[in-house]
Amino acid sequence: MNIGVIKAYTLKEFKELMRTRMIFTVYALPLTILVLFGYGIRMEVTHSRILIIDNDQSKLSGELVEKFKHSKYFNTTEANISESKALKLIKQAKKDAIIIIPTSFEKRLIKAQKIDIAIFIDGSFPNRAHTIENYIESVIINYLQNYAQRYPTFSTNIIAINPRSLFNQAMRDEDAIVPGLIGLALFVSPAILTALLIVKEKEKGTIFNFYASSINKEDFLIAKLIPPFLLHSVSVLILFLIAVYLFRVPFRGSFALYWFSSELYVLVSLSVGLLVSIVTRSQIVALVLTVIITILPGFLYSGIILPISSMSRESYIEAHMFPVMYYNHIAYDTFLIGQGLSSKKIVLYLIILMGFACVLLNLGWFLLKKELKK
Amino acid sequence: MAYLEVNKVTVLYKGNKIGIKEASFEANEGDIIGFIGADGTGKSSLMHAIAGVVKFEGEIIFDKYAYHSPKEAEKIKKHMGFMPQGLGLILYNTLTVEEHLNFFASIRNLIMDKNFKAYKQKLLHMAGLSRFTEREAGHLSGGMKQKLSLICALIHKPKLLLLDEPTTGVDPLSRLELWEILDSIRKEEGTIVIVSTAYMQEASKMDKLLLFEDNGIIARGSSKELINTVRGNTYEKTPCESEDCLELYDTTYSLKPLKSKHKEPTLEGLFFVSALKNRKKLPEISVSQRKEPLDIPPIVMEAKQLTKKFGSFVANDRIDIKLKRNEILGLFGANGAGKTTFIKMLLGLYPIDSGELTLLSQPIRSGRDRQKLKSKIGYVSQHFALYKNMSVRENLIYFANIHQIPTHETLKRIERYAEELGFSDYLDAMPKDLPLGINQRFSIAAAIIHEPVVLFLDEPTSGVDVIARYQLWQLLRLLKEKWGISILITTHYMSEAEYCDRVVLLKDGKKVADDTVENFYKKHPNANNFEEIFLEYYKEAN
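Protein sequence lines correspond, in order, to chains A and B.
Under our numbering, think of the first position of the first sequence as 1, with each following residue one higher.
Under our numbering, think of the first position of the second sequence as 1001, with each following residue one higher.
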């Protein structure tokens, strides 16, 4: 290792980054990802437009309708129209769901007989439909629970259901999404910068300064990796601050673990960028390629949209091939749970991340040739 | 044993495309070896092999150390300086001159002591860059960039210096200065310098020349020796009688003795004689008379005080140029002198900042004024704006369609041009598979498919070999004679001035001379060639 060469190259990179103003884009990308997606992705459904046809018009059915009216999740209207007319409103996309309370609602409830409440939901967006369905069911169950408390003689098994989400009791979307976004941002951004720093020299021709001199491959690589690594170490901190102070995501784990795993993960991302830079010759191709191989899996396998454990077999295997999943597991843990190193899985995942870094960096070192590609 | 020995070096590219085939030569300490030849003849491939930046077959021995691959070359790279082809290619645009020298010193593991500082000052002084140490490389002129690249390659006092076309596109004065640096370095340090160049005039400055053609070395020797080999074949212009003869603009080359007087031979002659010896027939170029005589005003183009600014940089400074009917006007100047800017203003590709422009008696004030003239103007850009994924024929049909020429007429014209300009065999080939010379003629066919009355060409001869360049000029003169059109052409090959009727010289965005070729010679009786005449203007202006 030749410190003089590394120092000269590293300094040169920093000067170029500052003078070409590229330093701004270095931070613009992860910040945009976090802020844009953090505010942009909303899993919960509020103000869904529902229509209730109360055929019973009794005191108890009226109480149920009131429950819906007082929920922030629904914009409830009540009308006395035929079923077919109501269904037309769904077709016209004027309502998201229709609830029909049967005529004998109060009577059957008092006698603790089975009641059929009809619920029609616009299923054009399945996810949304499921969510609305769940909300409606919760309201009804909640109503029955209250009823049961008032009339202890009433008993039915339905009440046994007790939906409650763990770790994210408030069901806040921010908590569920932001740590995953950090995993996405730290995967995309360092890879792009690294790829560009090397390909830029190929495109301009300055790569000859490396090819035609006695600089070692490893010195060149170290010098090329130091600037993106240092710059993104700052990103690790900035993203943490935004998550905790802007999005108010709780932080229950150890900061040291978050910091260490993030740095390790940045190293993995750098090596992905390094590999891209070896196969590409122009900056634009390098950029597009890096975006494709980082953003798509980074998002898909982040666990934001779908938990890995509930994926189908193929995507479950694919998810395990990308580093995103491992880092995100650790990130979610440090933010929301806080098991830290007491969890064997986290220790294993840290080791896997180290493996990724080692293998990819060595592969990059091996594939980098000090000669023109023919 | 020679200090540098190159033995049967072959470089192959993808698909067994030959870069250079079995090239061998030797060099001793302090030698300046010149690689001369057109683009794509293998000069760069051989340089890359010696520099150890490309895989090759064969053996290279440097200072008793033999290497056969880039990996083995690693050991001697500390003794080597390499400057690849391209203006300022190895420079970082946002670093200053001073930072460059320090960076190159660091990556070469130099200790920055007193001696180093003194040497650095000396190099800066030689390159004339002492005053510009704080300037960023991106803001240097082409010549300054090349001088900076050269001193960066020299900072570790290499024993072998490889320079791939260091003077291409550099103004004549900077070129002279570059040569002065090289000469003093090789004398003081005993460095072997290998230089490739497209300028034949520079050949006389080298100890030994290697002539490249068809990816091999076809001749070697000192400039004088080489020129003497064709002395017997060079004659004053005489009509040819036999097959082994070539009649050019002002010279005739023949393998058989002719009755006419011998003429002083040139290095260019070597390429023509070599073509004759290889029985390579130059395609006969002809242009048929136009059907209808043209109605062309006596002044085709008139620019008055034309000015173009990019920020604070004045690219064209109050330029007055007239292009007359039936005239070939050469616009000369180094890179960055403002030639391309001027042509782009004529074409409306850049808005005119101030001044007046009249094209074909039509004052140009708006885009609409130009619209009417589009069918009368032809343009060949610096980079031959052809579509890479369409064949030659498809490209030509496309250009004809733009000008709304009826299809049957288009097809007739394509056949005729292909025949006359000698690219019939390549009609269905893709532009990237064509030799540069063919590409260039076909670009011209694309520019004249709509039979314009004025033709603008931006550096059409850059990188094209001697013979193709000659043929291009032959074509332009024929177009002028047969069609009566006017041609404005830019070039940085000063020797091509001979083919022009009138020459305008630009320097730093200003017009410094404008006269007929004869008058230039009258004003400068001591000059042997145009290069020297222009040099005087450059020196004067400085």
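Hints were generated in silico from the structure; no laboratory data involved.
Each hint should be verified, as a subset may be incorrect.
[What the hints assert, rightly or not] Within a straight-line C-alpha distance of at most 25 Å, the following computed SDA-like cross-link-like pairs (lysine to any residue) qualify:
#, chain 1, residue 1, chain 2, residue 2
1, A, Lys217, B, Lys1432
2, A, Lys369, B, Glu1134
3, B, Lys1075, A, Met1
4, A, Lys369, B, Phe1103
5, B, Lys1117, A, Gly4
6, A, Lys200, B, Glu1134
7, B, Lys1432, A, Val279
[Claimed, not checked] Per label pair, the in silico range of CB-to-CB distance:
#, chain 1, residue 1, chain 2, residue 2, range
8, B, Gln1362, A, Thr32, 47 to 53 Å
9, B, Ile1402, A, Lys373, 48 to 54 Å
10, B, Asp1113, A, Lys373, 35 to 41 Å
11, A, Ile23, B, Asn1529, 35 to 41 Å
[As the list claims (entries may be wrong)] Some chain B residues close to chain A (C-beta under 10 Å, calculated; not the full set):
#, residue
12, Gly1052
13, Pro1084
14, Gly1088
15, Leu1091
16, Arg1108
17, Lys1114
18, Asn1115
19, Ala1118
20, Tyr1119
21, Leu1162
22, Leu1276
23, Asn1278
24, Leu1360
25, Pro1363
26, Gln1474
Each residue gets a CB set at the ideal place from its N, CA and C atoms; glycine is no exception.
We went through each hint and held it up to the structure:
no. : hint                             : in the structure
1   : A:Lys217 x B:Lys1432             : violated, 34 Å
2   : A:Lys369 x B:Glu1134             : violated, 34 Å
3   : B:Lys1075 x A:Met1               : holds, 16 Å
4   : A:Lys369 x B:Phe1103             : holds, 22 Å
5   : B:Lys1117 x A:Gly4               : holds, 17 Å
6   : A:Lys200 x B:Glu1134             : holds, 24 Å
7   : B:Lys1432 x A:Val279             : holds, 23 Å
8   : B:Gln1362 x A:Thr32: 47 to 53 Å  : holds, 51 Å
9   : B:Ile1402 x A:Lys373: 48 to 54 Å : violated, 37 Å
10  : B:Asp1113 x A:Lys373: 35 to 41 Å : holds, 39 Å
11  : A:Ile23 x B:Asn1529: 35 to 41 Å  : violated, 51 Å
12  : Gly1052                          : holds, 7 Å
13  : Pro1084                          : holds, 5 Å
14  : Gly1088                          : holds, 8 Å
15  : Leu1091                          : holds, 7 Å
16  : Arg1108                          : holds, 6 Å
17  : Lys1114                          : violated, 18 Å
18  : Asn1115                          : violated, 17 Å
19  : Ala1118                          : violated, 20 Å
20  : Tyr1119                          : violated, 18 Å
21  : Leu1162                          : holds, 8 Å
22  : Leu1276                          : violated, 34 Å
23  : Asn1278                          : violated, 28 Å
24  : Leu1360                          : violated, 41 Å
25  : Pro1363                          : violated, 42 Å
26  : Gln1474                          : violated, 35 Å
Checked against the numbered hints above, the structure violates hints 1, 2, 9, 11, 17, 18, 19, 20, 22, 23, 24, 25, 26; every other hint is satisfied.
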